[in-house]
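Take the sequences, apply the hints, and build the full model.
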Amino acid sequence: MLESTQESNVAQKVTSMDERSRYLRKLILKGLEGTKKGHVGSALSLVEIIRVLYDDIMNYRPQEPMWPDRDRFILSKGHGCLALYAVLADKGFIDPEELTTYTLEGSRLGGCSENIVPGVEATTGALGHGFAVGLGMALAARIQKRPSRVYAVLGDGELNEGSIWEGALFAAKHKLTHLTAIIDCNKFQIAGSTKDILNLEPLKDKWVSFGFAVQEVDGHDVEALRRVFKKLPFSDEKPSAVICHTIKGKGFSFAEGTHKWHWKSGLDEPTLSQMKSLLENE
Amino acid sequence: MFFTFKDSIYELAKNDKRVVLIITDQDAGLDHMQKEMPDQYYMEGISEANNIGVASGLAADGFIPFVVNHASFGVRRCYEQIVLDACLQERPIRMIGVGGGVATAHLGPTHTTIEDIAIMRSLPEMTVIVPCDAAEMKKLMPQTVNWPNPIYMRLGRYGKPIITKDEHVIEIGKAVVHHQSNPVKSDVLIISTGAMTQAAVFAAGELQKDGVASTVLHVHTIKPLDHEAIIEHACRAKMIVTIEDHVLAGGLGSACLEAMMDNVHPKNLPRVHRIGFPDHFIHEYGTQETIFKHYGLEPSQIVVRIKSFLSNE
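Protein sequence lines, in the order shown, are assigned to chains F and U. So the first sequence is residues 1 to 282, counted in the working numbering. So the second sequence is residues 1001 to 1313, counted in the working numbering.
Just so you know, these hints were derived from the structure itself, not from any lab. Glycine included, every Cβ here is placed at the ideal spot set by N, Cα and C. Mixed in with the good hints there might be a few duds.
Which bits of chain F does chain U cover? Going by a derived footprint, with three or more residues having C-beta under 8 Å, they are [as the list claims (entries may be wrong)]:
{"id": "1", "stretch": "108–122"}
{"id": "2", "stretch": "259–269"}
In silico DSS-like pairs for lysine-lysine, Cα to Cα no more than 25 Å straight-line [said to hold, decoys possible]:
{"id": "3", "chain 1": "F", "residue 1": "Lys-145", "chain 2": "U", "residue 2": "Lys-1014"}
{"id": "4", "chain 1": "F", "residue 1": "Lys-175", "chain 2": "U", "residue 2": "Lys-1165"}
{"id": "5", "chain 1": "U", "residue 1": "Lys-1035", "chain 2": "F", "residue 2": "Lys-238"}
{"id": "6", "chain 1": "F", "residue 1": "Lys-145", "chain 2": "U", "residue 2": "Lys-1017"}
{"id": "7", "chain 1": "U", "residue 1": "Lys-1185", "chain 2": "U", "residue 2": "Lys-1267"}
{"id": "8", "chain 1": "U", "residue 1": "Lys-1139", "chain 2": "F", "residue 2": "Lys-173"}
{"id": "9", "chain 1": "F", "residue 1": "Lys-37", "chain 2": "F", "residue 2": "Lys-264"}
{"id": "10", "chain 1": "F", "residue 1": "Lys-145", "chain 2": "F", "residue 2": "Lys-231"}
{"id": "11", "chain 1": "U", "residue 1": "Lys-1006", "chain 2": "U", "residue 2": "Lys-1165"}
{"id": "12", "chain 1": "F", "residue 1": "Lys-195", "chain 2": "F", "residue 2": "Lys-231"}
{"id": "13", "chain 1": "F", "residue 1": "Lys-145", "chain 2": "F", "residue 2": "Lys-175"}
{"id": "14", "chain 1": "U", "residue 1": "Lys-1139", "chain 2": "U", "residue 2": "Lys-1174"}
{"id": "15", "chain 1": "F", "residue 1": "Lys-145", "chain 2": "U", "residue 2": "Lys-1035"}
{"id": "16", "chain 1": "F", "residue 1": "Lys-173", "chain 2": "F", "residue 2": "Lys-206"}
{"id": "17", "chain 1": "U", "residue 1": "Lys-1006", "chain 2": "U", "residue 2": "Lys-1035"}
{"id": "18", "chain 1": "U", "residue 1": "Lys-1006", "chain 2": "U", "residue 2": "Lys-1223"}
{"id": "19", "chain 1": "F", "residue 1": "Lys-37", "chain 2": "F", "residue 2": "Lys-187"}
{"id": "20", "chain 1": "F", "residue 1": "Lys-173", "chain 2": "F", "residue 2": "Lys-238"}
{"id": "21", "chain 1": "U", "residue 1": "Lys-1307", "chain 2": "U", "residue 2": "Lys-1267"}
{"id": "22", "chain 1": "U", "residue 1": "Lys-1307", "chain 2": "U", "residue 2": "Lys-1238"}
{"id": "23", "chain 1": "F", "residue 1": "Lys-175", "chain 2": "U", "residue 2": "Lys-1035"}
{"id": "24", "chain 1": "F", "residue 1": "Lys-173", "chain 2": "U", "residue 2": "Lys-1035"}
{"id": "25", "chain 1": "F", "residue 1": "Lys-91", "chain 2": "F", "residue 2": "Lys-206"}
{"id": "26", "chain 1": "F", "residue 1": "Lys-206", "chain 2": "F", "residue 2": "Lys-230"}
Here it is as structure tokens:
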């Protein structure tokens, strides 16, 4: 059950979402069935970003994951991988039943995503790595004259890492217009709010000053995400950045807007059933 | 040695479009490469970690990136990128560590790199190469292109005199015999790497004058180690001396001890003496030669030390 009576009492609501967003969250819950723990809040803030990219923006072939001309999706905040696994299962890269093996013995679906999973381009989990790998893939596409675009999703907490800003300078220097940094700005990291732990503001100004063309969007508004992503690239001279304002733990009111659900353990069967029924009854 | 590296990388890149050079803000003198092959030449900022990540992305899409850093920063600053973005993901990145060992002793302990071999050889998937001179490095470079693993190659300020001969067969993973007084048995087997092989060859000549039969086995590839050659020669020797310009913990000597102890019963092995740097940072400034002298690694000192080991047997 949920950890406290207080949480149980507020665990009555699922905040507004359409059917598809609820379905993808059900797949995330499926991933938690076996292990009963994971980076839940970190995945829930990501769902709409990944959903829109895979539904409406990216070119890829689930049956041919290594198709050279595919677009590359890099989950630089690798701990949010439950959301990525859910979409990969939905799109047919992996069997949805495999989700139940998440982090269990014998599984290839780890608590941070590895490139042994079809559709996972880079092994991430140590923060501040995936972005640079994405830069290399963007450079490779340019040299090889491939149409591939690179979408790298970074956590706002991940922006604490200096390597991200090394990468930002590199992207601007090389005018990697076919690369987009997408920031899942859910305002929380493990120990508290990003504002308190290491303030990133003014975040948009930072990306602009590092040479990016930047737009901000509500990271849960599917229509708004579509509109913004379809405008990419924002510049013919600069790489693009989209700051997606999201809610940590989006979907379950008791999990929203708190660092306490960044990592959640003790998600026993009644709790998960309760969360699932909330999604179904909305 | 870096001059020869530049010639080699230019030739490799010219003949293979997969070869890409990423340099971390060094005076490379490769303007002609930049001009002729702009897609294969990247002079990047002092952002060593990012450059390894970028190389990983390039390698994921079929490129063979050579990333040049000063050895100290390339190993120390980039450790996590090397572990995760090169080794774990099995990306064939070639990490070239310039100024390895005490080649830049004038810049002090921030630059002297005496623990790199231990760090790099502990990493799964990694290959570790330490050539003894420019001629050997030139023979190794073309082999690196299609080598399946990530490679760390330490380039020191070695090379004079050139001791690699035309008849030496230089293959990644294969140790090279540089001196052999007697093919059947040796009073001392000297196993060395990098700059120390020159000292080893000198020592072997001096020992021979005193009637001491020695073999010099040069190990340019510390990982994967040529177990077969080491064990074969070890079993024919009365004593073994390993020499490296590296701390004793985890370097060539450690690797040889592991290989021998894992494969041969100790009673069938001779006494092993390891020569290298002690377990502290190099605080002295100077040149490679003055540092070697300070720590007893100068060729003439090596001779004295080996004679001392022999007399105490």
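Indices of hints not satisfied (ascending)
2, 4, 8, 12, 25
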